[in-house]
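Here the structure of chain S is known, so what remains is to put chains C, R and E in place on it, guided by the hints.
Protein chains in written order, with my numbering: chain S, 1 to 445; chain C, 1 to 445; chain R, 1 to 445; chain E, 1 to 445.
One should not assume that every hint holds.
Just so you know, same-sequence chains aren't split out, so a pair can sit in one copy or run between any two.
To be verified - Okay, derived cross-link-like pairs now, DSS-like style, lysine-lysine, Cα gap no bigger than 25 Å in a straight line:
id	residue 1	residue 2
1	Lys320	Lys291
2	Lys320	Lys352
3	Lys56	Lys410
4	Lys155	Lys95
5	Lys64	Lys410
6	Lys56	Lys118
7	Lys118	Lys135
8	Lys37	Lys210
9	Lys291	Lys37
10	Lys118	Lys95
11	Lys118	Lys210
12	Lys186	Lys56
13	Lys64	Lys13
14	Lys13	Lys320
15	Lys352	Lys155
16	Lys186	Lys127
17	Lys64	Lys291
18	Lys186	Lys155
19	Lys13	Lys291
20	Lys37	Lys320
21	Lys352	Lys95
22	Lys352	Lys127
Derived by calculation from the structure, the hints in this document are not laboratory data.
Quick caveat, the model's predicted, so the values are computed rather than measured.
Residue strings, one per chain:
Protein chains: 4
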Amino acid sequence: MQNSRTISAPTGKLGVLLPGMGAVATTFAAGVIASRKGLAHPTGSLTQTANIRLGKRTEHRSPKIRDFVPLASLDQLVFGGWDIYSDNMYQAALKAGVLERSMVESIREELENITPMKAVFDKRYAKNLEGENVKTHSEKWALIEELLTDIENFKNTNGCDRLVMVWCGSTEIYHEAQEVHSSLAKFEEGLRTNDPDIAPSMMYAYAALKSGVPFAMGAPNLCLDIPALEELALLTNTPIAGKDFKTGQTLMKTIVAPGLRARALGVRGWFSTNILGNRDGLVLDAPENFKTKEVSKGNVLDGILNGEQNPELWGDIHHKVRIEYYPPLGDNKEGWDNIDIFGWMGYQMQIKINFLCRDSILAAPIVLDLALFLDLAKRAELAGIQEWLSFYWKAPQTLPELEPIHDLFKQLEKLENTLRYLMGEELITNLGMDYYQSVEEDIRY
Amino acid sequence: MQNSRTISAPTGKLGVLLPGMGAVATTFAAGVIASRKGLAHPTGSLTQTANIRLGKRTEHRSPKIRDFVPLASLDQLVFGGWDIYSDNMYQAALKAGVLERSMVESIREELENITPMKAVFDKRYAKNLEGENVKTHSEKWALIEELLTDIENFKNTNGCDRLVMVWCGSTEIYHEAQEVHSSLAKFEEGLRTNDPDIAPSMMYAYAALKSGVPFAMGAPNLCLDIPALEELALLTNTPIAGKDFKTGQTLMKTIVAPGLRARALGVRGWFSTNILGNRDGLVLDAPENFKTKEVSKGNVLDGILNGEQNPELWGDIHHKVRIEYYPPLGDNKEGWDNIDIFGWMGYQMQIKINFLCRDSILAAPIVLDLALFLDLAKRAELAGIQEWLSFYWKAPQTLPELEPIHDLFKQLEKLENTLRYLMGEELITNLGMDYYQSVEEDIRY
Amino acid sequence: MQNSRTISAPTGKLGVLLPGMGAVATTFAAGVIASRKGLAHPTGSLTQTANIRLGKRTEHRSPKIRDFVPLASLDQLVFGGWDIYSDNMYQAALKAGVLERSMVESIREELENITPMKAVFDKRYAKNLEGENVKTHSEKWALIEELLTDIENFKNTNGCDRLVMVWCGSTEIYHEAQEVHSSLAKFEEGLRTNDPDIAPSMMYAYAALKSGVPFAMGAPNLCLDIPALEELALLTNTPIAGKDFKTGQTLMKTIVAPGLRARALGVRGWFSTNILGNRDGLVLDAPENFKTKEVSKGNVLDGILNGEQNPELWGDIHHKVRIEYYPPLGDNKEGWDNIDIFGWMGYQMQIKINFLCRDSILAAPIVLDLALFLDLAKRAELAGIQEWLSFYWKAPQTLPELEPIHDLFKQLEKLENTLRYLMGEELITNLGMDYYQSVEEDIRY
Amino acid sequence: MQNSRTISAPTGKLGVLLPGMGAVATTFAAGVIASRKGLAHPTGSLTQTANIRLGKRTEHRSPKIRDFVPLASLDQLVFGGWDIYSDNMYQAALKAGVLERSMVESIREELENITPMKAVFDKRYAKNLEGENVKTHSEKWALIEELLTDIENFKNTNGCDRLVMVWCGSTEIYHEAQEVHSSLAKFEEGLRTNDPDIAPSMMYAYAALKSGVPFAMGAPNLCLDIPALEELALLTNTPIAGKDFKTGQTLMKTIVAPGLRARALGVRGWFSTNILGNRDGLVLDAPENFKTKEVSKGNVLDGILNGEQNPELWGDIHHKVRIEYYPPLGDNKEGWDNIDIFGWMGYQMQIKINFLCRDSILAAPIVLDLALFLDLAKRAELAGIQEWLSFYWKAPQTLPELEPIHDLFKQLEKLENTLRYLMGEELITNLGMDYYQSVEEDIRY
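Bound-form chain S, shown alone (with noise of 0.2 Å):
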């Protein structure tokens, strides 16, 4: 039994800072509003509805998440954050189609005080967007200043012991780290010269990570994975954690995935597509924003099937993946996958998996335990990247040195694990060869 880690306890307000308010975002502050009236229970979510087991399996001890490890609780949180559009919540929340009305009225109230601050908007990382409640500065740096203001202020104004931003804007356009991304120096003096090269994502993330607080990217934006943030992070001893939440079909692929190759079955194609027909359907209509999202997705098969040390197996998949913006379906989003495998002497199976599933319901819950896991791992004094949160990424930040982690049974076995680690109880490696010892002693003497 290892010692525990000193952790502070979750005292006061935690506010939780959304850039980007649209779907996501109020799916989740109005699923926190609702469960705390009792209107809603707050499923998907690890934190809120997750057990854990400890100890031995004979002990029978699998209590909460929440009960185990010292979590701000929905109580304690309030929402702030900034959207190009000036919607509060409960119009944001009506427009998105995502909740029945009758549940968005139930806790209007409560939606309509919550209303977004300025954006920091470039139309050229978000060619299909056009806002209106934007900052109209130029000047990066200046536009650096407001952000920290803005956080100042919200901290002050709602009397917030600690924040963590979560980003649940849109998917910016492709672009790759450059000598501007590689030094936290360089990076400063970018937003000094307005480096075109700056993406608005990182300019939030780097406001909140100069003001010590946690940072989660949930699109798959390049923002975080830039060493000039990760030395930013390691500097102001803030966690950050990214990128691009894993929702509907990527989930399932990393569900899968590990099945295939947990009984050796070897694979020859992989074709998904995705159908889903709102907003962010429609930002990836734009071909350099969709190629953002396809590099994100592209590798988590490579991640799983190793084709270079079981080339007879994966070592020649085609894995193709398509999203087709489809507006019939409004919010709700459906994968089809058609998965080529092959078994014993090379012959061939197929499976196929239509999942018709909701974006922004799978996406809030994943903002809720990341807010929550942040502001755990800030008190924890976990700093810079959080490879323990990997569960909820499509392509999880790890070292440079290390393979990110794909396979979403080792993610849950890593999260579990640095629960474990953290609060001094013995890991779980499901051995359990000393059950049976003592019991062939019993019988056979």
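Below, chains C, R and E alone, put in the same frame as chain S:
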């Protein structure tokens, strides 16, 4: 780093005895023979094709399992068995229709040399079958003596160093454990008094264990899971493993259900239908035989989605399983699953999975792995129930005080960590905090 | 151009009597009422929304059916009926759970005014049902007299000009035609002697036909298809139509099978499973009631893919139909069909269809169309079996010497050409050679 | 009963010329040859396997089509053609990988004797192709003269009585009709001046029609549907038919959409994706070639679900079609359709269809039927556009003032009634009132 167990080397021939020499057994033997000749690849077999990660991720050590633990090689295997039809394996493989004729012809001679011994058969236990290659004694004890002689003769004739036995026969009718099964003494008394509750499969298992031959139960039959045979296994230091090969739909279920559990998604219903056209389907068309299968398949979900622990999410799952005999599919098998799930705030979603699989192709590598791992267990002096082989079973056997583990990924971790334990390698927990602690220190100070 | 029939005008009110006022009946009535108020659109009803092409293609004449033939309008309809529960239609609609609550509330008053008369009920014919709003006479003849009075009273109270009756009740147990059903005289004798082979549905049909009220049988019950009632229909100049509304999976089957037939594709098997969660599903969970449905559904394929005529293609079809009660779906219904086909040189292909449908939503417009078309038939003096309404039935009624037509497209052509015939329009054959003959002459000479 | 047309008898050999001798052409020829030898059955061919109903239902007359109309028999067919690769049909069939090797071997000699003539090829029209067996003239008129000579030589060498030509080549790039296509005179001028807008497929068609040889266009190429070639067809009394063989997903669409139309169900969206791995897929991977296919496929729904006529149901259909090159499937092809429909009161439902088909297996019988029916048309003196063959096409050709008919069932009725018309049999309208009128009279009086 723990000390490794002393494991005797796998020298000499290993005889694999197969009660039931139909589609699964012939596909298994043909695949091993073809692999030896370089005509096919033993895909789907962990012992032959899977890698196992050892040590830290940065060590990049992932040998093949067969290069890590001392297993018998394919060249050392010899095949034999019993069947109620007198077809040799060449004839039986053609009748089964699983493999392409050209493949069967290319190894005709080897297959023709494998002929079944006369089987112990009791029509009450398999209503839809009828065969002529059966032992004629009506006294159970006399049948046992014949089986013991069969085993001994096979070992001597073929110059085997060791034997294992893997049941590849049919599903017997549903029956529950009785007094006669409750201890070895009562069981042996029942054999002498011809107790009708002793099924043919139990008689094979008794003969194997009595001879110190490890035994695996591929069908859902009540057999190994009675106190009498568990007692005998410990007495003769013999490993046992069961039951019911986890192949098509249940395999998929134990992949997907852990994924839903991981993400804390609620489940309202799971409807599974299975259409198949082989002899297995014909046997299961008899209601009493289907019941045995149904019970075996039914507990899988409860084991993963624990309704007592988490009634809001899994307290009321309508789980319905159907198996339908549908001759157009032949040995192919299709599962169609419709899963009704719910997430954040109770919103409903659906997953539909159509698995176009092949029964014997998925079962054959399991037979191989079990033969090699049970032989390993014998040499490593692991006696009785082998919970670490849960991976292969629809209904894994455990100690009475333990819940069986159905989650494929926990099963795999248990298997892998057991191998690491046997070889004195460090267990893998996926914690990985150490990678990060040094980095933080590097950068910060 | 033929002469049209003389058809009396649809003046005054048309009363629609519904034995069985559950999900289908309430969805039907609610939809008509909501359509009258402009709150909904009667989609799926040919009489309200379909067009019919008249004359040559170049004439571009395609009026709505309701503008072409003299039908009663929605405003002229009045609703009534019988049920074993005393709920009014508002209560019954809420219990059925088909329509959104806000829709039901918006027409609450109209629905509350529709209350069921006491039903004729016989538990032997519907094992899983139990109700309290039933007629207490045990003598069948007395029950008939009550029904005749109910009909007369309803007509007078509501000031109806004409009536039709559409059975929306449950599936009765399977039974076959007996001596008592073989002539009107014997049937009436049976009513007087309380013959147990006279089912409740037959008594409603007898009362309707005796009153000259057209009758349609929405369930697969043995009812109209007995000589006694056919005789009565002709005697009273009354149209009859049945049986078993063609809604989800069978509808799809009579769409796809004609397509396979058209392209001369062979069929080896057709596996259909159906999962549904409403009261209909509960009734069909009783094997004797399921049998009635199974027989009704089973003949559909044979009627389209004629194995006697073309044994190479359709001589050996494994057709299996399953209906499974699965409560999570509620009134939703899902069909999953797997169709094994073969083409050129015998090569095999598969079609898989997953139909996520809604039972009552598909049935309600059929009730409306039948009510209006049967009333038209009555006014057009078409008595007895209405084969031209085969379109609406899983098991269409025909003369004994004719094979029923199951192909949805031949059924539609029959329906449309019958309307053209009644109105003196030219029948459509899709020949169209004339368009081309003139052109050739124009160009060539 | 009408008088039949005078149709000359199909005496002597019929030569079938195939521009493009890849997967479709070899599967067609191999199937005909194997059928002649009794090794296979020409399933999927109406001319060989379908029956046609004649007269009243009670007459029970349903001969095979080939026994009803005077068609050439399989024994009379001779095969030839052109290809850019010099492989004979044996080699090409093996490369195509559609048929099992053992089948190809069993007719090796016949296939080896069919070798391609040098092709007219223009890389601008098929970017992803490259071949060496091409005519070297760069002057279009010279190429035409070579084609005319090829046709004449083939006829004489093989002793053919008549010829037909069926394009089985690739999809050319998208281009629209120009001035040069607007009349025969301008087209011939363009041939002499090497107009780049004259595609290779047009040159084959010109040569065929000039020679009085019926021509069918199996790809979606702009070819027959230009005024120049329609004029030539009438001038030489030659039938033409096109375009784009209706095989997998579009076939299914023209089966299911008429079903939705029949039942007056609304459609909000239809998403179709297609994955295929053969050379056709490779060609369509080039965007300019895909566009040709997309346009051909896109109009199918509009033709069936007429949004102008019925805007409430079909006025706003999101129809999206995708074709994806996915090598693991080889010549197999999978369509996945998701159809969003709505019924009574606007309630939504979905249909999902997964069609696991084989491209060449579905196309080959179409080639056969077109060859035989076009030869019949020629002998029956039906010149120009053959609208009665719409059944076989994704984009059926019609007179300019007519809308093409896409509904598979109207297409079939048109085809069948044309055959009845040609043979002087009564057209079938499915009215059938006469059966009932006599009965009523029998019973009533």
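Indices of hints not satisfied (ascending) = Structure breaks hints 4, 6, 8, 9, 12, 14, 15, 16, 17, 18, 19, 20, 21 and 22.
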